[in-house]
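*Asks:* Chains as they are written, first to last, in our numbering: chain C, 1 to 432; chain R, 1 to 186.
Don't read these hints as lab results, they were simulated from the structure.
Keep in mind that the hints are not guaranteed to be accurate.
Output of the computed footprint for chain R on chain C, the stretches with three or more beta carbons under 8 Å from beta carbons of chain R [what the hints assert, rightly or not]:
| id | segment |
| --- | --- |
| 1 | 202-211 |
| 2 | 216-222 |
With a straight-line Cα cutoff of 16 Å, these simulated EDC-like cross-link-like pairs (lysine to aspartate or glutamate) come out [to be verified]:
| id | chain 1 | residue 1 | chain 2 | residue 2 |
| --- | --- | --- | --- | --- |
| 3 | C | K80 | R | D170 |
| 4 | C | K80 | R | E69 |
| 5 | C | K339 | C | E9 |
| 6 | C | K339 | R | E69 |
| 7 | C | K339 | R | D154 |
Backbone N, C-alpha and C fix where the C-beta goes; we use that ideal spot for every residue, glycine too.
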Amino acid sequence: MNQPIRPRERDSVIQSLRAGVVPRVGQHLIQVGRNQEITTLVSDLERIADGSSSFRLVIGEYGAGKTFFLNLVRAIAMEKKLVVVSADLNPDRRLQASGGQARSLYAELMRNMATRSKPDGGALPAVVEKFVANAKDEAKQNGQSTETLLRAKLSELTELVNGYDFADVIAAYCRGYEEGNEQLRSDAVKWLRGEFTTKTDARAALGVRSIIDDASVYDQLKLLGRFVRLAGYSGLLVGLDEMVNLYKLANTQARNANYEQILRILNDSFQGAAVGLGFMLGGTPEFLLDTRRGLYSYSALQSRLSQNAFATGGLVDLSGPVIRLTSLTQEDLFVLLQKVRHVFAMGEVDRYLLPDEGLAAFMEHCSGRIGDSYFRTPRTTITSYVNLLAVLEQNPQAQWRELLGAMEIDADSGAAADLDVEIDDELASFKM
Amino acid sequence: MVSLVSMDGVITPDEIRVLEKAYKALGLEAASVFGDLHAMSPTQPSPARKPSTSGFHLDHNRVRELQNETQQVSQLLANIFTDEASAVAPIIAPIEGEETSTTRIFDLDHEHAALAHLLLSRPVWNRNEVADAAADLGLMLDGALERINEASFDLYDQPLFEGNDPLEVDLTMIDRIRHEPAHTPA
Chain C
1 MNQPIRPRER DSVIQSLRAG VVPRVGQHLI QVGRNQEITT LVSDLERIAD
51 GSSSFRLVIG EYGAGKTFFL NLVRAIAMEK KLVVVSADLN PDRRLQASGG
101 QARSLYAELM RNMATRSKPD GGALPAVVEK FVANAKDEAK QNGQSTETLL
151 RAKLSELTEL VNGYDFADVI AAYCRGYEEG NEQLRSDAVK WLRGEFTTKT
201 DARAALGVRS IIDDASVYDQ LKLLGRFVRL AGYSGLLVGL DEMVNLYKLA
251 NTQARNANYE QILRILNDSF QGAAVGLGFM LGGTPEFLLD TRRGLYSYSA
301 LQSRLSQNAF ATGGLVDLSG PVIRLTSLTQ EDLFVLLQKV RHVFAMGEVD
351 RYLLPDEGLA AFMEHCSGRI GDSYFRTPRT TITSYVNLLA VLEQNPQAQW
401 RELLGAMEID ADSGAAADLD VEIDDELASF KM
Chain R
1 MVSLVSMDGV ITPDEIRVLE KAYKALGLEA ASVFGDLHAM SPTQPSPARK
51 PSTSGFHLDH NRVRELQNET QQVSQLLANI FTDEASAVAP IIAPIEGEET
101 STTRIFDLDH EHAALAHLLL SRPVWNRNEV ADAAADLGLM LDGALERINE
151 ASFDLYDQPL FEGNDPLEVD LTMIDRIRHE PAHTPA
């Protein structure tokens with residue numbers, strides 16, 4: 001636990017936990033266990049950076065920490081110079097659709113595009129400009145025109161769907177900059193974000209024949225994977241959370257169309273058909289295992305996922321595409337509380353606001369109040385824990401035993417009285 | 001029952017279907033099949049863990065194991081988030097033959113270094129002001145900012161500025177640039 005803790009990361013972690021949301025930076029400071037899972041994803045990211053591809057389903061029950069895990073991997077990816085796009089699925093954002101829902105997912109992904117220096121999203125113009133600026137520098141050195149060089153660099157993309165138009169749009173962006181034409185630049189970005197809804201509008205604005213529509217979303221992501229590499233990043237990671245929304249689709253045909261798309265992504269990844277592109281999909285066990293509505297209901301996916309979904313001979317098999325996150329145990333939570341305490345104290349042991357006994361007492365208190373759910377779905381537990389730490393920090397004279405004791409008065413459980421006695425006995429010599 | 005099915009390490013859709021039927025026949029919630037299957041830990045193929053409903057008890061051996069594993073994972077992550085040492089030594093060095101007020105930062109080219117320098121002169125900038133400055137230097141704003149922050153990350157594991165509009169510059173970077181010419185790995 002001797003990592004340096006930056007104030008910014010500490011504040012982000014504490015504030016997020018207090019608000020009951022997953023932190024966007026500094027997740028690594030409070031990661032508990034899951035060594036193999038993280039190592040696996042890190043090697044995935046390295047594969048993507050090597051120009052290969054990857055596909056992972058991150059499966060866990062509500063509260064198991066899927067979103068936390070996905071965010072941690074996002075942060076690692078950015079640190080490894082990947083561009084990251086991420087979005088939650090919902091009824092209006094799907095992988096495959098005919099009513100604009102897939103394009104809407106794409107637009108959301110593009111809005112959330114993040115890089116190491118723009119971790120909060122909105123990085124699309126920066127990525128494009130980095131590519132154009134590099135091309136301009138190179139063109140200047142070679143005495144070529146920027147547009148010629150730009151086109152030459154993008155020529156490898158033209159074999160892909162929408163590749164020609166993509167190159168045209170990037171060239172338009174560059175022209176917009178050189179001619180001081182703000183409108184042209186913003187139209188180019190609008191096209192890249194998938195925000196043109198009709199071909200007529202796109203043609204009028206940029207002279208291109210196509211737009212990014214429902215049918216071309218995955219192809220466009222493949223194209224982007226290559227493009228970001230041309231711009232000097234190591235690859236593209238696509239993170240999709242709340243995949244259970246596909247499971248919830250009532251229409252079998254619509255559901256299967258989405259699963260077919262997942263199959264295509266999976267196959268491409270296994271066959272190495274995508275370059276510098278990784279997918280990471282977060283969902284619940286039902287989404288994977290349900291044989292009527294889940295991924296297992298789609299026979300081609302079933303055969304690819306079921307073999308590797310569970311390990312043999314007591315070993316964890318992480319070579320398969322499914323990463324299984326088990327729900328937290330009490331012990332996991334205990335170590336997590338230790339980590340949070342450590343971050344709260346800026347890594348200084350002298351500044352710990354609670355001793356280990358205090359953590360156990362807190363957990364016992366929660367256990368008495370809300371039963372097992374306090375560690376299985378730990379969101380509220382952690383929020384009240386951080387609140388407790390905050391009170392202790394601001395009131396150095398306060399005794400945690402009394403604070404816990406005061407919380408006890410609200411609870412009408414008979415065990416509370418026993419708890420008080422136990423703690424007093426154990427911690428009679430404890431000083432703040 | 002669930003452990004029986006997963007005994008061979010492979011759970012097939014047919015097995016899941018059988019389980020669902022069996023759960024129904026036994027009056028159990030059929031939907032809980034998935035959660036139970038999921039909870040079967042591959043490292044402990046023996047019966048699924050028993051939820052400790054009977055009061056609070058911590059397994060201290062398990063806590064120690066977890067602390068060790070967490071220590072390893074922290075180390076792994078620390079290595080990732082505090083980058084490998086960079087060998088670029090001269091961070092600020094006057095560019096020979098040019099005006100002495102312009103120094104080189106992060107090994108950036110002249111224009112980007114000038115923009116980085118300008119940023120370091122104030123804690124907060126409106127985007128418009130920076131855009132004007134970038135335009136004067138012949139730089140595209142977003143691309144230039146991206147390059148500056150990347151360079152800052154490469155050397156110091158932290159950005160020079162944050163935010164989009166306004167941009168907030170981390171002025172402590174001035175000291176770091178002056179006093180930590182070489183990157184120190186964790």
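*Asks:* Now tell me, hint by hint, if it's right for this structure.
*Replies:* Hints, one by one, checked against the model:
Counting residues of the segment 202-211 of chain C whose beta carbon lies closer than 8 Å to any beta carbon of chain R gives 0, which falls below the threshold of three, so the coverage claim is violated. A stretch counts as covered by a chain when three or more of its residues have a beta carbon under 8 Å from one of that chain; for the segment 216-222 of chain C and chain R the count is 0, and the coverage is violated. A C-alpha spacing of about 22 Å is found between K80 of chain C and D170 of chain R, which places the hinted pair above 16 Å, so the restraint is violated. Under the criterion of a C-alpha separation no larger than 16 Å, the hint pairing K80 of chain C with E69 of chain R is inconsistent with the structure, at around 23 Å.
Restraint check for K339 of chain C and E9 of chain C: the C-alpha separation of about 14 Å stays at or below 16 Å, so the hint holds. At roughly 13 Å between alpha-carbon atoms, K339 of chain C and E69 of chain R fall within 16 Å of each other, so this suggested pair holds. Distance restraint check for K339 of chain C and D154 of chain R: the Cα-Cα separation of roughly 27 Å exceeds the 16 Å cut-off, and the hinted pair is therefore not satisfied.
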